[in-house]
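Chains as they are written, first to last, in this note's numbering: chain A, 4 to 103; chain B, 94 to 550; chain C, 21 to 192.
Wrong hints could be hidden among the right ones.
[Unchecked claim] In the PhoX-like style, the derived pairs of lysine-lysine whose C-alpha atoms are separated by at most 25 angstroms in a straight line are: (1) 163/B to 177/B; (2) 177/B to 167/B; (3) 275/B to 111/C; (4) 24/C to 134/C; (5) 24/C to 106/B; (6) 134/C to 102/A.
Worth flagging that the hints you see were computed from the coordinates, not collected in a lab.
These numbers come from a predicted model, not from an experiment.
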Amino acid sequence: MLTIGHYLFLSLALFIIGVIGVITRRNVIVVLMSIELILNAVNINLVAFSRLYGDVAGQVFALFIIADAAAEAAVGLGIIIAFFRNRETVLADEMDLLKW
Amino acid sequence: MQPASQATLEFLKLYWAPLLCGLAVVAVLPLIAGYVVLVERKIMADMQARLGPMRVGPHGLLQPIADAVKLLIKEDVIPDSADKLVFWLAPVLSVGAALLSLAGLAIGPAFQIAQDINIGILFVVGISAMGIFGIVLGGWASNSHYSLMGALRSSAQLVSYETAAGMALVSGLLFAGTLNIKSIVEAQREQGMWFVILAPVAFFTYLVASIAETNRAPFDLPEAESELVAGYMTEFSGFRWSLYFLAEYTNMIVVASVATTLFLGGWLRPFASVRWLDFLDFVPPLLMIAVGAYCVLRVPKQPSRMQQWFMLAVAGLCIALALVLAMPVIAPVLKASLREAAKPFFAGIHGGFWFLLKVSAYIYLFMWLRFTLPRYRFDQLMRLGWHFLIPLSIINVLLVGVAMIAGAYFHLHGWWLLLATTPAALVALVAALLILAAEKQSETRPDRAVPSDFYAG
Amino acid sequence: MLDKVIFYFFAGIAVGGAVLTVTRRNAVHSAIFLITSLLATAGIFLQLRAEFLFIVQIILYVGGIMVLFVFVIMLVNLDVAVRQIQFARQKWVALVIALALAAQVGLMLWSSAKMPGQGLPVLTAAPANQLPLNSEEVAKSLFDSYLLPFEIASVLLLVAMIGAVVMAKKRT
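Go ahead and model the full structure; you've got the sequences and the hints to work with.
Dropping the structure here:
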């Protein structure tokens, strides 16, 4: 029998892997990809509960999260391209223009 | 029973039919794609006043087999600094996406591999859009400038025209009211006319966008022989190249099938809901008999004895097909029990014939355009997509929506709906001409000196 | 039984793809593994009877966002970055904190499964042809109860489009 717990554990696993990616990697493009993993994990959570309660609101919310992720990825990648043009680096440690 | 084998048995019991059909299609499709290539070469030859492949087999009919053997025995060359994993993966992604999207299509009312998907047409379009990765990763994995630029150009083109194609499909779907493929065709039967008459601008937009989606001329800059060597396919030789080729022709078939389903009435004969035109049901067998008769007439003109026998064999095949097609129409005079047993068999035959006829007509149009029009330059291509097709398709969605609301308000059904949609189409046409005029005006203004950007567009 | 096998299949691919995404040196490899993870998640959506979300995930997330990622990775020259150290200096502390968070939430889920009388609810297996059509339900909901978020989302996308164009434009 598949319980809601199966999907919650899957969502937790993906979330934690995404968090590890965000706080550990130096390459900002991989950091952005890990953020997409986090959003994905949240989507699985929402859709699992939507199936449990038969309410389609969870799926609609997940749809908005996907639209939001697209917007955020576009702007984030635009920022990376703009920064790369100036500083020739994509490593987070080397983006220290504001350091005193 | 062990859980693993129990699960497998359960799976097989539920899904044995789609699995078998899917395997059959995947096995047969490379052969079909090869023969589509032969047909294209013959049509190209016909339009260029020559004969095309004639040597290998009678009238060149074994040419695809010879080509396949040649490609399979070629040496597999992998560039030294190429990324091996991605180099292997890229053609597989292209072919996989193209073949998977075939699963959602319904060839006739009886043949559909993935039955009754709620999101039918969106499934086909979405999965075939995944083929972009095969192109981008293939170009990147080759580790060569020409490949990378060709890949980026090709995928930029595909992404741009995907939006226009999607919006055009939305215009057609507004009339269908559902995404399910069989329901779309049923909606066209209820409406009494194909959606191309209700939404001609959408069909035109989808036609142009689908030519660009499949990288066919006049939008084939990324893979033309005289540009960028061969674009993203440069470093792929032998079997890998044939996989890309197979993906391209399968994409063509998929795109033609989507257009046929949504705009050209799917498997319905012309005027499917008009009872007094039921004699049109005799057209398929009569057509095949006509083709067979033509083959028989050409027999004396063949140069050699073997080719004469071959023509007679082709004529016999056409007559046999005509007999098969004639069975559903003469079924009412058969015994009642025989009729009942053969009903599911008959349901699909004529539908399949009409569907394949329309798909072939669409693909013939593709080939005709390829051999007639010169190639678009890349910036012209991108300008056409973004400045013309996308605004036109969005305006069209708006206008079709307004037409549908007007139709619902005045209770227009069937052919009366044309009263609402024709003005919408005319306004869209005027909008298109205005956009084109604005583009022409902006072209004649002298450009400032702009540094050239390779990824422009 | 069959749905358990399907779930573990997709879940395994999703988690495996995620782990590989976060650990690869080459950004394009990371992108490819993220694509497999997202496709596996789409499979999970399909298993949860969310058909519209399945195809939206494939069209938008995989066919849109990931294509954008791959484009940017190719435009940005990563030859230098590939040879650098990939993990930041704080990696061990970060790992410990993340695993502590995982243990905390995991323990909460596990104990709620073991609670007598309540436990975690079971997903009922309703026959597919008695469920309402998924696309129609989502569409009704979007244009009925959630119309305002729908309009705000379109404004958000417009703003993001303008922002991305402005950010990535070359200063002439």
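Q: Given the hint that residue 275/B pairs with residue 111/C, test it: the Cα-Cα distance must not exceed 25 angstroms.
A: violated (54 angstroms)
Q. Given the proposed pairing of residue 24/C with residue 106/B, does the C-alpha separation stay at or below 25 angstroms?
A. holds (17 angstroms)
**Q.** Given hint residue 167/B paired with residue 177/B - CA-CA distance at most 25 angstroms
**A.** At roughly 19 angstroms apart (the allowed maximum being 25 angstroms), residue 167/B and residue 177/B satisfy the hint.
(Q) Checking one constraint from the list: CA of residue 24/C to CA of residue 134/C, max 25 angstroms. Satisfied? (A) holds (20 angstroms)
Q.
Run the distance test for residue 134/C versus residue 102/A: straight-line Cα separation, threshold 25 angstroms.
A. violated (50 angstroms)
Q. Are the Cα atoms of residue 163/B and residue 177/B separated by 25 angstroms or less?
A. holds (24 angstroms)
The structure shown violates the earlier hints numbered 3, 6.
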